[in-house]
Amino acid sequence: GSGGGFFMENSILSLNASLIANNTALQGGGAVFAHFGVVNISHSGVTHNRALIAGGILISGSTLYFEHSNFERNALDVLEANLTSLEADEVNAFVQSHCDYLPCGGGISLVDSAGMLNSCAIKENQASEGGGIHIAVSSVDMSRCVIANNAAVGSNGGGVLCDESSFLRMSDCHCSFNSAFEEGGGVFLTMCKSVISNTTFENNTASNGGGLMKMDAVADCSLTNLSFTDNAASSYGGAIYILTATEYHLANGSHEHPEADIDFNGIAFESNRATKGSCVYYDTSFTLHFPNCTNCECPNQTFASSPVSFQLEAPVGNVLDVLTIR
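Take the sequence shown: its letters are residues -8 to 317, numbered as in our numbering.
Be aware that a few hints might be false.
Stated by the list, open to error - Label-pair ranges, simulated between beta-carbon atoms:
# : residue 1 : residue 2 : range
1 : N1        : V128      : 33 to 41 Å
2 : M107      : S213      : 12 to 20 Å
3 : N109      : E261      : 37 to 45 Å
4 : E261      : T15       : 36 to 44 Å
5 : E0        : V128      : 13 to 21 Å
6 : N189      : E0        : 31 to 39 Å
7 : N31       : V128      : 32 to 40 Å
8 : H34       : N13       : 17 to 25 Å
9 : S225      : S5        : 26 to 34 Å
Worth flagging that the hints you see were computed from the coordinates, not collected in a lab. Since the structure is predicted, the reported quantities are computational estimates derived from the model, not experimental observations. All C-beta atoms, glycine included, are put in the ideal place defined by N, C-alpha and C.
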């Protein structure tokens, strides 16, 4: 069943100074399964739990408040028997429909839910996709969190995967040493409106988009005061990979295609690596504008489209660089 440690429906769970460890669920939520409820966890640890969906905590149609807590070394089991039993459970079947690749959500999985995480650590969790956190049809606000050493071993989103009409706000976070087998080593965004600010991305790895992967043309994205250091992609986009976007809204500028706005401000790059696009790789022809960009002369900075314009605005006192790659 679900909820190896706690199973709850239409109820409230509040934990303080607690440890939920070494639990197993054959379906969803190795530590906690919450359906139509409220989960409050503070100054606690969720560690070494296992399940098919959300090795740590699975939230469905619920609200969570986590603060000063650690979610570490939770993982997911891949068993055909579990997949069969999951299909017979209505709630878990609904959750499963929002995972492109099972198992998903190593530490935390939110589906049709709302969550707030403050001063939490999501570390060393593992899943096929969404190694640290999996977000679908949900709204999540993360502040002062550490997302580190998580892995998406089969697909996308080593640290965080956000998709399906979701909203993600990240501020003052540190995202490091996460890895994805395919795309978005640190963070993977698709159909997810996002606001990410004052956050560092360091030593994340993936096939594409070592630090961050943005893949859609409809969800707005704001990236402000971010630093990308030592991220790597074996193929494209060491720091950032942007795919199939049709219009990029410049700071204080206009746009012709209102489907999606992507705002960049105060982005710093250093020592990122990729076969193409060590800092940024994108696959469509448009002008990309980085106000207040530092260290923007990236080595091996190439792009797919030909020709394209890559426009960089340096801080006051530095030279304004405009690169056209053919």
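How the hints compare with the structure:
| no. | hint | result |
| --- | --- | --- |
| 1 | N1 / V128: 33 to 41 Å | violated, 19 Å |
| 2 | M107 / S213: 12 to 20 Å | holds, 19 Å |
| 3 | N109 / E261: 37 to 45 Å | violated, 28 Å |
| 4 | E261 / T15: 36 to 44 Å | holds, 42 Å |
| 5 | E0 / V128: 13 to 21 Å | holds, 19 Å |
| 6 | N189 / E0: 31 to 39 Å | holds, 37 Å |
| 7 | N31 / V128: 32 to 40 Å | violated, 22 Å |
| 8 | H34 / N13: 17 to 25 Å | holds, 20 Å |
| 9 | S225 / S5: 26 to 34 Å | violated, 44 Å |
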